[in-house]
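Chemist: Listed below are the residues making up each chain.
Protein chains: 4
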Amino acid sequence: MRFPLETRYADYDSKGHANNAVYLTYFEMARHHAWVDRMHGDADFPFIVAEATVRYVSEAMIGQALDIEIVTSEVRTKAWVWSYVIRATDEDRVVAEGRTVQVMYDYEARRTVPIPDAVRALLVAV
Amino acid sequence: MRFPLETRYADYDSKGHANNAVYLTYFEMARHHAWVDRMHGDADFPFIVAEATVRYVSEAMIGQALDIEIVTSEVRTKAWVWSYVIRATDEDRVVAEGRTVQVMYDYEARRTVPIPDAVRALLVAV
Amino acid sequence: MRFPLETRYADYDSKGHANNAVYLTYFEMARHHAWVDRMHGDADFPFIVAEATVRYVSEAMIGQALDIEIVTSEVRTKAWVWSYVIRATDEDRVVAEGRTVQVMYDYEARRTVPIPDAVRALLVAV
Amino acid sequence: MRFPLETRYADYDSKGHANNAVYLTYFEMARHHAWVDRMHGDADFPFIVAEATVRYVSEAMIGQALDIEIVTSEVRTKAWVWSYVIRATDEDRVVAEGRTVQVMYDYEARRTVPIPDAVRALLVAV
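Residue numbers (the working numbering), protein chains in the order written: chain A, 23 to 148; chain B, 23 to 148; chain C, 23 to 148; chain D, 23 to 148.
It should be emphasised that the hints constitute simulated quantities derived from the structure, not laboratory data.
Since the structure is predicted, the reported quantities are computational estimates derived from the model, not experimental observations.
One should not assume that every hint holds.
Which copy? The list can't say, so a pair holds if one copy fits it or any two copies do.
[Unchecked claim] Below, a list of computed lysine to aspartate or glutamate pairs in the EDC-like style, where the Cα atoms sit at most 20 Å apart:
#1 LYS100 <-> GLU81
#2 LYS37 <-> GLU73
#3 LYS100 <-> ASP114
#4 LYS100 <-> ASP139
#5 LYS100 <-> GLU113
#6 LYS100 <-> ASP66
#7 LYS37 <-> GLU81
#8 LYS37 <-> GLU96
#9 LYS37 <-> GLU130
With the hints as extra help, turn the sequences into a complete structure.
Modeler: What follows is the structure in structure tokens.
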């Protein structure tokens with residue numbers, strides 16, 4: 023899935039760059055699109071993020087359109103990996119790359135659980 | 023109550039100013055100090071904010087120390103008003119002023135409730 | 023102008039509500055749409071926000087689609103007022119209302135300036 | 023260096039957890055303390071962050087005091103690594119760990135530069 027990122031004025035720091043922390047929010051927006059819009063899940067995610075990595079490749083300056091691509095790159099018993107690429111749309115230039123590890127979680131029982139089959143089938147389609 | 027504001031790099035926009043929205047977060051930090059540290063209340067506030075106003079008076083540039091003053095300026099049956107002044111500490115220059123109206127709220131019953139007497143007594147001491 | 027708000031998971035607080043400060047960011051997003059998309063201005067705004075008010079009318083819970091309307095409600099020599107209404111789209115229910123006062127600003131000369139005629143003509147079309 | 027983290031109500035998501043993206047902001051706050059308070063540098067950092075990783079170990083719930091430790095774990099010609107541990111203070115329980123790679127940067131010339139000797143000497147003291 024690849025779609026435009028709606029950035030906000032407040033995302034940019036005093037240098038005019040998208041702040042380094044906001045990239046994890048962009049990843050979260052991609053997860054939301056994947057999970058809610060593509061996989062028809064609930065907006066209050068039933069998983070936890072166990073790990074996140076961002077590699078900042080080039081500058082994302084205020085006023086430049088950005089888009090993000092999210093791909094399921096690995097599926098395990100309870101966890102899966104989503105990989106991300108953020109690009110400056112006009113130049114198709116990579117701005118940042120990253121990955122997050124998600125673990126299926128039962129918030130009532132407060133423990134990790136196996137990925138349900140229905141979710142697994144949808145995950146590979148992202 | 024008047025205390026130093028711990029600002030964050032991400033609070034500042036591409037002009038080097040504290041972003042206009044973050045002032046409401048500064049007000050919220052002041053409410054937290056008043057409510058949790060002074061009034062010994064729970065961090066998950068039992069009230070709702072019904073109204074907020076900010077008047078931006080002068081620039082808060084990155085690198086300038088800021089402080090905030092919070093005062094209870096009105097107490098009604100179910101609601102009260104907190105007033106705020108944010109200053110650039112070194113010059114004692116007013117950066118912004120504002121006020122918020124809070125209404126006591128029962129989140130389980132999902133309705134507004136009168137301010138308990140114990141809370142009322144503490145409110146006037148802020 | 024009225025358009026959908028792209029909310030973010032991080033906008034919601036521990037009660038599942040859009041955080042009170044994020045409404046000023048939603049107003050800022052509306053300004054961006056008005057200024058950049060409608061008025062063809064630069065993303066690095068040539069004006070300052072002098073005042074902002076939000077009245078919180080009803081709950082915006084996580085998972086509810088929101089939209090925002092922005093209207094130019096007053097134009098003076100150097101300043102103008104934008105008014106906002108945020109609604110829960112499905113029910114057309116008002117979630118919040120507010121207004122901000124903008125002042126045209128020359129960031130190099132560091133002083134307020136009159137609204138240029140071309141901007142004035144575009145402002146009344148918002 | 024280890025010091026208390028001033029968290030904000032807006033940092034917590036609808037589950038009552040510190041949002042996953044805000045950890046990078048906490049790392050940034052630690053960098054600010056290290057760079058400005060310890061190393062006497064400018065608040066407008068003269069370096070870029072090239073990479074960031076967070077491993078989420080246990081829950082940081084609203085109302086729990088957090089602290090952060092930052093250590094310089096590697097110094098190269100132009101870049102260095104800072105490592106972080108965030109703990110729930112009362113239990114001394116690790117909440118998250120991570121690292122960021124910084125590259126010295128000349129924002130006027132728009133290129134990476136070697137770490138000045140004076141900075142290098144201060145870095146190893148963090």
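Chemist: Between copies, within a copy, both or neither: which fits LYS37 and GLU130 at Cα up to 20 Å?
Modeler: between (43 Å within a copy, 11 Å between copies)
Chemist: Within, between, both or neither: how does the pair LYS37, GLU96 come out at a Cα-Cα threshold of 20 Å?
Modeler: For LYS37 and GLU96, the Cα distance exceeds 20 Å both inside one copy (36 Å) and across copies (26 Å).
Chemist: Should LYS100 paired with ASP114 be assigned to within, between, both, or neither, using CA atoms and 20 Å as the limit?
Modeler: neither (34 Å within a copy, 28 Å between copies)
Chemist: Evaluate LYS100 and ASP139 at a C-alpha cut-off of 20 Å and name the case that applies: within, between, both or neither.
Modeler: Intra 11 Å, inter 48 Å, cutoff 20 Å: intra-copy only.
Chemist: Treating 20 Å as the Cα threshold, decide for LYS37 and GLU81: within, between, both or neither.
Modeler: Answer is both; intra-copy 10 Å and inter-copy 17 Å each pass.
Chemist: Measure nothing new, just compare the shortest in-copy and cross-copy C-alpha distances for LYS100 and ASP66 to 20 Å and report within, between, both or neither.
Modeler: within (18 Å within a copy, 31 Å between copies)
Chemist: For the identical chains here, do LYS100 and GLU81 meet the 20 Å Cα criterion within one copy, between copies, both, or neither?
Modeler: between (35 Å within a copy, 18 Å between copies)
Chemist: Give the relationship of LYS37 and GLU73 under a CA distance limit of 20 Å: within one copy only, between copies only, both, or neither.
Modeler: Cα proximity of LYS37 and GLU73: across copies only (18 Å, versus 28 Å in one copy).
Chemist: Using 20 Å as the alpha carbon limit, work out where LYS100 and GLU113 are close: within a copy, between copies, both or neither.
Modeler: neither (38 Å within a copy, 28 Å between copies)
Hint compliance for this structure: hints 3, 5, 8 are broken, all remaining hints hold.
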